[in-house]
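Listed below, chain by chain, are the residues.
2 protein chains.
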Amino acid sequence: MARVLTPRAEDFPRWYQDLIAKAQLADNGPVRGTMVIRPVGYAIWERMQADMDARIKEAGVQNAYFPLFIPESYLRREADHVEGFSPELAVVTHAGGKELAEPLVVRPTSETVIGEFMAKWVDSYRDLPLLLNQWANVVRWELRPRTFLRTTEFLWQEGHTAHATEADAREHARDVHKNVYQAFMEELLAVPVVPGRKTKGERFAGATNTMTVEAMMGDTKALQMGTSHELGQNFAKAFDITYSSAAGSVEHAWTTSWGTSTRMMGGLIMVHGDDNGLRLPPRLAPIQVQVMVVKAGEGVTEAAAKLRDELKAAGVRVKLDDRADVPFGRRAVDAELQGVPIRVEVGPRDLAAGNVTVARRIDGSKSPIPIGDIVGAVTSALKADQQRLFDDALAFREERTVDVKTLGDAIEAAQTGWARVPWSAVGDAGEKEANGKAVTVRCLTRADGGMPDSDEEPNLIAYLARSY
Amino acid sequence: MARVLTPRAEDFPRWYQDLIAKAQLADNGPVRGTMVIRPVGYAIWERMQADMDARIKEAGVQNAYFPLFIPESYLRREADHVEGFSPELAVVTHAGGKELAEPLVVRPTSETVIGEFMAKWVDSYRDLPLLLNQWANVVRWELRPRTFLRTTEFLWQEGHTAHATEADAREHARDVHKNVYQAFMEELLAVPVVPGRKTKGERFAGATNTMTVEAMMGDTKALQMGTSHELGQNFAKAFDITYSSAAGSVEHAWTTSWGTSTRMMGGLIMVHGDDNGLRLPPRLAPIQVQVMVVKAGEGVTEAAAKLRDELKAAGVRVKLDDRADVPFGRRAVDAELQGVPIRVEVGPRDLAAGNVTVARRIDGSKSPIPIGDIVGAVTSALKADQQRLFDDALAFREERTVDVKTLGDAIEAAQTGWARVPWSAVGDAGEKEANGKAVTVRCLTRADGGMPDSDEEPNLIAYLARSY
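One line per chain: the protein sequences are A and B, in this order. Going by the UniProt record's numbering, the first sequence opens with residue 1, and the numbers climb by one from there. Going by the UniProt record's numbering, the second sequence opens with residue 1, and the numbers climb by one from there.
Everything labelled a hint here was simulated from the structure, so no lab data went into it. None of the values given here were measured: they were computed from a predicted structure. A couple of the hints might just be wrong.
Listed next, the in silico EDC-like pairs over lysine to aspartate or glutamate satisfying Cα-Cα at most 20 Å (straight line) [as the list claims (entries may be wrong)]:
id, chain 1, residue 1, chain 2, residue 2
1, A, K120, B, D27
2, B, K98, A, E83
3, B, K312, A, E58
4, B, K319, A, D127
Based on the provided sequences and hints, a complete structural model is requested.
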C-alpha cells in the first residue's frame, strides 16, 4: 500500500501533524497557535462532550456560563494565580472604538470570575455545596503551540465548586477525578490512565493540591489528560466566599476546580493512532460503521442501503458510502485515516455468494461474512474492539514502565518509557535535576496506586517521564 | 398572593429584569454589558441548543470550530462588513506580555475567518455545497445592554455555507430559515413568528439579502429572533473562495450565513412570561413536572417518589421536590417563577382520598386527580399546554396587528401593536420618517405571507413596529 503518513517510528511529531492534516481533523488558524477544528475532528469532540457532560451531571453538577472577559484586577487578588498566568494572558485594551479604563483579560481559566459570583450566591451552609461547570473557550498565549496539545485558544470544561468543609471539598474533587475523569478516559476513550498527585512544583497556580490523570502516548511520553484541584480557602479568601454555619458563625468556603480540554483529542490520536491513521474506540466513534459500495450495479447499492438500515435499526452509528464515482481504494484509505472502526464492503462478487466483507480497523482483520449475520458480527466486533484498544494501550504502557530505585536510573529509564521510583529517592532537589534533563515527575501515588493525601506521606512512588 | 414581580402592566422592562433575577436565570457580569447565565437559565439554553443542533444536522450541515481571534486585516477585506462592525469591536492589543504586531479582533461574527478557510478547502464543484455551523461566543460592544437581548458577549450558532450557484445559495438560506428557524421557534419555543425580508437599511453588513423571523413580545414590541443572509459573492470575492466548475472554468462561490443566539431566551421570557414569572413550553422545559411533597409523613414522601419514578418511566422530565424543611408556599412560588409547566402536589389529606393535586402553570388550573391517572393526565396536559401557549401568543399578536393604508396610520398603530401597510406607501423615505419616531420596518412579505425575492416586487406588505 502507498505510504499515507510519515511512519510513526520515523518521526513521531511529524506523523502526528500529518495525521491531523490528512484525516482533516484540524487546521492551523490564522493567528499563531490557534486552530480550526474541522468537521471530522469536531464530531469526535462533540461525542466526548456529550459523554463527559452526562457524567458531570450524574455527579450532581449544574452547567452555567460565565463571561469571557475578566477585569485585570480580579486576577491580582490571588497572588499565586496571577503569577502563574500573567505570562500567558491576552489583553483587550480597546473596545467600542475607545481605550478601556481597565484592561480586560481574556479568561485563561475562570476561578476568579466564578469566585466573585459564588460570593454573591452563597449565604448559608444550606447553599453548599455549590457545584458548577461550564463548557467554554479559554486563551493562554503559547510560545510552542502544537495542535490540540497546546493551543493559544482551546475548548474545555471547567468545574468550579464550593464546600462547607475541607473534607467535603476533597471528597468531591476525588470523586470527580476518579468517577468522571478516569472512568471517561478508560471507558469512552479506551485510554488507560494513572491517577496521582502532582508535586508542589507542578501544581496549578493557586491550588493546595493538584491531581492528574496521566496517559502514555505512542512515543512513550506522558500526557496530562485532565486535572482536578483542591484550592483550599485561597480563592474563598480572595473573593470573600463566606457562609453562615448552622451554629451561626461566618466561615470561608473551600473550593475546587477541575478541567479537561481539546487536548484529549491529541492524547486520543497519540495513544491509538497507527501508520494508517487514527483508530477510534467504537464507543466514541461518530461513525462506527461505514457501509461501502465497492462498485455499483447488480443490486449492490440496494443491498448496501438495506444493510445500513438494519445496522441503524440495531442502534449502530452507520454511514452509507455509495460514492461510486470516487475510487474505492481512496475511500477505504480515507476511512482508515479517520479511524472508522468497521468498514462493511459490499461488492458484486461477494454479494453473489451471499457475503460482504467486514474490515476491522482496530485489529486490521478482513473477512467475508454472510449478509444475514452482519448485524450480530458488527455489534460484537464493536464491543470486542473497544476492549482491545484499551488492552493494547495498557499492555504498551506496562511493557514500557520500569521500577527503579535511584534518580539516575529513573532519568535513564524515562528516555524510553516511564520510570516508577520511590519519591524519597527523588525529592525537590531530584525533581529539579530531572527537569534539567527534560524529565518531569508526572505524579505521585501510594505504593498500591492509591491517591496520596500529601506529598509528605512515606513510601510514595513517583512516575518520571518525558512529557507533552 | 404576595406580589413577586413588578407587574407587567406597570413597568414591562422592570418586570423583565425582575423575572430574570428572581427566577435566577442570569446575573449581570462584572464587565458592563456582559452576563452570567445561571444554571436555571443555562438548562433552558442547553435544551434550545440540543433541539436546534439536531435540526441543523438534519439540514445536512456539519459543526466545526473556528478561532475567537481574527486578524484585524481580515475584517477590512469586505467594505460594508467592516463599516458595520467597526464601532462594536473589542480588540486585543497585548498578549504573552508583549504588544502584538497586528491587533486581533474578538470575533463579532465569523464570515471573514470562515471565508479564509472555505477558500482553502474548496477546489472543485464537487466540494460544494460546503455547509458548516459553529456554536460559539461572540462579542459586540453594546452601548445600551439588556440581559439576553443585547449583551456585549453572547452565545450563538452561526451557519456558514458556500454554493456553486446563486440559486442554490438562496434555496439553502430559505430552507434553513423556514425548516430550521421558523419550525424551531414555533414547535419548540411555542413562539409564532413572521418570516420576511429586511429592507436595505436593516440588512446585515455585507449581505445582499437578510431574512428575519419576527415575534411580538408581551408589550407588543417586535423582537428579531433569528436571521439568515444571502451574502452573494461579496465574501467569496474578498476571500477568494473559488471553485473549478464541471466545465473547467474557475468561478467564485456564493455564500450564506445564518444565526440565532441567547437573545431567544429574552424572546421566550417576553412572549410567555406573566406576573408570576416564566411559563415554559413543555417541550422546552428542562423540568416538565415537579412532584412536590406538600408535607412529609403518612407515606407522602414515598408516594411522591413513586410518582416521580412512574413519570420518569413514561419519558417525562421530572424532579422530586421533597424539601419538607422549606415552606411549601415558597417552593411553589419558585416553581412558578421558573416556569415549570406542571406541579404535582402530594399532601396527606389528598393522598388519604387517593388523589394528588395537579397545578398547571400555563392555564393556571389546579385540580385533584386520582393517583392512578397521573401519568395519563400529565402527559396529555403537557401536550395541550404546549399548543395552548402557541395559540395564545398567536391570538395576542393577531389581535394587536392592524392593516392600514398610510404611513401615518402605520406609525400610529405601531404605538400599541404592529401595523401591516403596503410597502409602496412607505418606501425608503417613509422608513426614515418612521425610524425618527422609534418605529422600524421589521420586514417585508408578499401579500400571501410568502418570502419576497426582492424589495422591488409589487404589492409587498411592510410590518412596522417598535422593537428591541
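Here's how the hints hold up against the structure:
1. A/K120 / B/D27: 10 Å, holds
2. B/K98 / A/E83: 16 Å, holds
3. B/K312 / A/E58: 16 Å, holds
4. B/K319 / A/D127: Holds. B/K319 to A/D127 sits at ~19 Å (cutoff 20 Å).
In this structure, every one of the numbered hints holds.
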